[in-house]
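**Q** Start from chain A and add chain B according to the hints.
The listed protein sequences correspond, in order, to chains A and B. Its first residue numbered 1, the first sequence is counted upward by one per residue in the numbering used here. Its first residue numbered 1001, the second sequence is counted upward by one per residue in the numbering used here.
Among the hints, erroneous ones may be present.
Claimed, not checked - Below, in silico cross-link-like pairs of lysine-lysine (DSS-like), each with a Cα-Cα straight-line distance of 30 Å or less:
hint, chain 1, residue 1, chain 2, residue 2
1, A, K274, B, K1210
2, B, K1308, A, K309
3, A, K274, B, K1308
4, B, K1208, B, K1192
5, A, K315, A, K280
6, A, K109, A, K68
7, A, K274, B, K1113
Said to hold, decoys possible - Restraint ranges, calculated between C-beta atoms of paired labels, are given here:
hint, chain 1, residue 1, chain 2, residue 2, range
8, A, Y385, B, K1104, 53 to 61 Å
9, A, R296, B, N1139, 36 to 44 Å
10, B, A1181, A, E362, 29 to 37 Å
11, A, A204, B, A1494, 33 to 41 Å
12, B, S1394, A, Y385, 18 to 26 Å
Honestly, the hints are just simulated from the structure, not real lab data. Backbone N, C-alpha and C define an ideal beta-carbon position, used for all residues, glycine too.
Here are the chains, one letter per residue:
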Amino acid sequence: MAEDAILGFLEKQEEISDSGKFAEEHGFDHNEIVNIIKSLNGFRLVDAQDIKREKWVLTDEGKLYADKGSPEVQLFLAIPPEGISREDLQKKVDSSIFKIACNQAMKNKWIEMGKQVSRKVQNVDDRVKNLLIQVQDGEIIGQEDVEALKKRKLIAPQTWKGYSLRKGPNYAPKRKKAATDFTKENLQRGDWKDWELKEYNFEAKGQLAEGGHLHPLLKAFLHVRNRLQLIFLHMGFEEMPTNNFVESSFWNFDALFQPQQHPARDSHDTFFLKVPSTTKELPENYVERVKHVHERGGYGSRGYVYEWKREEANKNLLRTHTTAVSSRMLYQLAQKPFTPKKYFSIDRVFRNEAVDRTHLAEFHQIEGLVCDKGLTLGDLIGVLYDFFSRLGMTKLKFKPAYNPYTEPSMEIFSYHEGLKKWVEIGNSGMFRPEMLLPMGLPEDAKVIAWGLSLERPTMILYGIDNIRDLFGHKVDLGLIKKNPICRIGI
Amino acid sequence: MPTVSVGRDRLFQSLGRTYTQEEFEDLCFEFGIELDDVTTEKAMIRKEQHLEEDEPSEDEEVIYKIEVPANRYDLLCLEGLSRALRVFVGLDEIPTYTVANISKNDMHKMHVKPETNLIRPYVVCAVLRGISFDEATYNSFIDLQDKLHQNICRQRTLVAIGTHDLDTICGPFTYEAQPPADINFVPLKQSKSFRADELMEFYKSDLKLKKFLHIIEKSPVFPIIYDSKRTVLSLPPIINGAHSAITLKTKNVFIECTATDMTKAKIVLNTMVTMFSLYCKRKFEVEPVEVVYSDGKSEVYPDLSVYKMEVPLAYISGYIGTSLEPDQVTTFLKKMQLHAEVAKSGDKDCIFTVSVPPTRSDVLHPCDVVEDVAISYGFNNIPKRRPASLIPLSLNQLSDLIRQEIAMNGFTEVLTWILCSKKENFDMLNHKDDGSTAVIIANPRSADFEVVRTSLMPGILKTIGHNKDHPKPIKIFEVGDISRLDETKDVSAANRRQIAALYCGSNSGFELIHGLVDRIMEVVGTPFVAVGDTSGYYIQRSEEPEFLPGRQAHIIYKGKQIGTFGIVHPEVLNNFDIPDPCSFVELNLESLL
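In isolation and in its complexed conformation, chain B is listed as follows:
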């Protein structure tokens, strides 16, 4: 992402108010740019030269380094940033950029020689008439060229910009390609004349320019722009001539962009002129230049026409996932410098004609318009939805996942009977049967098969009771269904998928079972939260008769009790003929889906 450095005070002045840093950061966040760093000119120089950090003095101008999206070339200078933000906060209307209405005869002309095809075939030009610079705007003008060169121009390979004091040169201009030995001129910042091939040698030691030399170095011809008196304007993409250099006093600026990519050349030219026509006598008006090719064809630049796009309201609403009124959309788009008009009204088939200004080359498709509506609406105001296709795991898949996890924690899986005796299911667990939970069998063959288990506990305890001689500790678990009476079902009973695990050893293993609860929650991605918080799970003391008082708790998952764990009550242990302490957890798996 490119970073633009702007003076804080100048920025605030052009925004018409001051912001605290936090307020400004919030504005940036909302708009989609980022305040990357706050520094000063001197601090930047110190950093560049790796000098020790001095105490910054009070009077140093504060510089904001702002990160902008890589496809927003119109935000690469203070002028564009403040223009976009002013429109965003509603201070300004969308600016209209116009091409001065002058006849072709009065236009400056750029004649393109066919040889330029060999090296850099395209050129586009424009004139900024009646501009007034001050030191800050002049610097911004130079900086924008640098930023464009670094970004969209890909280090001048695709496009190179030359700006000239129009009053020092005399049209018509020619864009040519000549052997280096035939080119002679005084380059910018030099006082003597160089031959182009010598100049290339000379710049090999120039830190700033040497990285551009490769673009034309090996070519037999170099691109070159002359005026009618054969004064060299520039040797693109390396250097301009000294003669036409712009100064603070320059009133009329001639801009040429030479390129290997026509689309980008137009974007670069449009960016330059839309940004800086702000300072022209006729604000936002740009004087056109005719580019004439050797075959007689000609084009007039810049092309500041708006690009019209048809975007249905339903498309926008459907993309964002919230229904919007037509005038809401128009207002939202206006904040993003996109003018929208209802081309066809009606609730269902309302269509907007959206005018994309020349500054917004990033808008390619209606989906880009949608994004601007969404930004303007506020990403953080969009209601959350759950996609219909987001079906979580099936119960069996979840069971399998959890089974593997518990096994990985060293527990051995058991598979016990669904049926048990009434005594095992109730009395032996210190529970009374109130008749509201268990499915009772009418014709049991033996007392072992009287009821459908209402918890996994009896089966697990019976397993331990029958394995008294097994070396301790024993860690076992079961994932299985229980059945309970349920009036909402046609048959008045429903299954529930439960997980149970037990530790048996010389100590209770209570903390270990507690840890297993945490692990299961972790696996299903539920955070541990404070008591009362419904966004995750927490543990709360319980008073259940099958567990030892003080060492038992409910598992509260998203506000609902889904299970219990604790040290098995000594009386219960006794009932199942277990001579060792045990801790047990049981929880409902379906609740975790």
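In isolation and in its complexed conformation, chain A is listed as follows:
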């Protein structure tokens, strides 16, 4: 309505000089007009210039007096010509205005006040009320009167904002509503031919593709797992069979050249088993070679030089890392003519840790490894960039670290744009010759490997600072519902 009026008016007239007057003349609310002008201006149908006016409006008190008369007049009228006792007068006049009324009436010298109150003049004129009505009607009053009313806080200044309008570059007598989508109606009506289509933001992502996530509960978490699996597959990695939680110390530690007195092999760190407590079978020839490399070295190594005990190697445990599976796989690989291999696994591992904000007794380990001849540290770095950039982590740096079965060993850090700092995201390295050569792999075969916990990237990606929020039976369902967007990007 109002929009049509504005556009229609401009069709014939050069300009609307004052939106306020326009609203008044055409019977519109000015606020409504302002909103329409803003929208029309946005689409450049009109060209709007701000105009500002200072004007006076009545305060609540002022409005009251404009209606009922000023307090002093009310008081005056309450005094009968013969006078009245102060007490009686007080009863006749509204208590909220009595004091003001007395002061003003005295100031105007209208009344005589003692125990008895009497009129000093016979008639009074309610000038204040008249002035207030004038202000209310938008009439101009004298500066002195303005000051007086302002002082009595009966009027207050107000900035009035409005616009002057001319035709804009896109002016049309009738606006076409910008469409947001193309529908069957548009197709049938054919109105797409000369419509206006709202700008689409191609810098934002599209509507979330729903479906395809198997578990509705741990969506974020499992989504990350699902993504990682796809990334490994896409990089041509084979998944290792990791369906064995119970492992022997031999495959979990000894085969990895981890000495038997290593702190990780303490009951503080590892869950050992009561039933079944020991392993029944190990490849004996290989065990001999492992024993030898621990005790006396070989393959170019000094060895750890200690007494290696078979009983320690036989002890069963809950695997502390999926690298136990890697050691079995690499051993098997070594029993056949050499072929390069790329393996990965994502599965549960166990640590005898006190559960707290950042530690869990069980968590998921992600591991990737490449076994081939002539691999170098440069290859490892290249693969890590490839892998992590697929998770959206493109800024990496590497810190020297220690790990019993890799040398060189590198901790992987990624720059977190949100946190504005480098965050440790995983570990990597090249498996030691003391691990690979006893297995029977050729001397020039190298293995580059990296690992990370599944929980860690998920925590970083979803800004979760307590790992227990993510995993286990104490998981907060609300949290998962709050994070419905399964998008990786650090």
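**A** Positioned in the frame of chain A, the structure of chain B alone reads:
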């Protein structure tokens, strides 16, 4: 990983300069240690006693807690840390540790009794002569013993260290094993004499010592060290005697390490003496002690000889994946305290003799030498490579993966004809045939088979046109090959694997198709990036005739346009006799490999 607490100011003083915390963190990162925490003595005590955090006062000494690799025992004290860092930044040469040249007659002797075999068979000893302690170095000396006990000594089970004021005792010494009731002495920090079995009872309430009691408690004999006057030096691995306790004024220190593991005993002794011979009158010189066994055999400790390792240059370069010059390698190794000499020169068969000092027991194999070269070179300076064996998925495997993903998003797969009419392939899609794209059939039997499709679009649209009565919305997709003219091929044409998907309903479904594009990119692990960034993909407005203006865009993948999506142009819909709005995406799959 063990953590070492060192006074920041003392550390900086010994490094010869001050660092901002950030500078120091960078140095640590490069070297492979980590500044774990910055605190003060009082704050640590407050934390231990669970007291409220007071405002730290200005004058409290700042303490750096530094995490060091678990196999670097030489970094467990300020002396070792600063020595390693000074050499790393090039301030110092590699120190040479020597054993004082004294005759066997002048050496202190430790006689080992055979009974010690029953409980703790090994002992190694050494003397630090002419040492001067101040309060800080004395504390560091005590702390290092603690750190070694906690780490390599595995809570004193494998090795226990005893240090004594040599001037209060008198050799030769004996290492014995006796029934507890026969042992009597005044232990450290006590004033009265205890019988060993009573002492064990007494320590059951000692918070620090009670955790070590189990190591010998059940044994019928306890290990014990005496001097020639039967003064008890120590009852390993529990406590030393009070008599020989070292003080700030001690000048000559006698160190004994008793052990169940000989290799570790030697490492521990070497760590103690190499670290603290720094404060001896003859810097880095250690006085040896002869350990004599009952069968007459004897050994002299400490063994500070370097371990020589032959490492070919090619081995190092091949491991790191970058070619290095011999003198570069020597310089790099020097920074890591490994002295390397070219034993055999020549480009291809240059071999180094690397001397591993007694402080570097972690160097077991040439691969450890390689790591030190790599650290020194800088992990972050090593050029990236792509392993030859890293062959990505085959096209068909990738196709299968993507097909499953799109199906999981609720799209139904269709399989359409490769051949179509020229009109369908061009005119009906608002395109003109300029003759540069399509393979044209010479002898078509019908107008339906005139050209090989140059996009999946006509087949998909024909499918929709024939399914007007199917309930809406319809979501279909196809993964298949198209063919285009290609002069680089012998036959002048080549296939391309494309993915296309379409949504048809009462609204356009444009955002849904846009979302599918995101999902496909997510599956292949490509991040969404800002316009112009070539590390991922982004979406850019396009002007293609088959799509509605304003609702169509190119998919830019690693800087290259690989596909387009948009609302199908109403004229095109009309051409295919489709009465409902449709959105369509098509992109090249091979580009994603």
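**Q** If a hint holds in the structure, say so; if it doesn't, say that too.
**A** Tested hints:
no.: 1; hint: A:K274 to B:K1210; result: 27 Å, holds
no.: 2; hint: B:K1308 to A:K309; result: 29 Å, holds
no.: 3; hint: A:K274 to B:K1308; result: 45 Å, violated
no.: 4; hint: B:K1208 to B:K1192; result: 20 Å, holds
no.: 5; hint: A:K315 to A:K280; result: 10 Å, holds
no.: 6; hint: A:K109 to A:K68; result: 21 Å, holds
no.: 7; hint: A:K274 to B:K1113; result: 39 Å, violated
no.: 8; hint: A:Y385 to B:K1104: 53 to 61 Å; result: 59 Å, holds
no.: 9; hint: A:R296 to B:N1139: 36 to 44 Å; result: 39 Å, holds
no.: 10; hint: B:A1181 to A:E362: 29 to 37 Å; result: 49 Å, violated
no.: 11; hint: A:A204 to B:A1494: 33 to 41 Å; result: 35 Å, holds
no.: 12; hint: B:S1394 to A:Y385: 18 to 26 Å; result: 23 Å, holds
Of the numbered hints stated above, those contradicted by the structure are hints 3, 7, 10, listed in ascending order.
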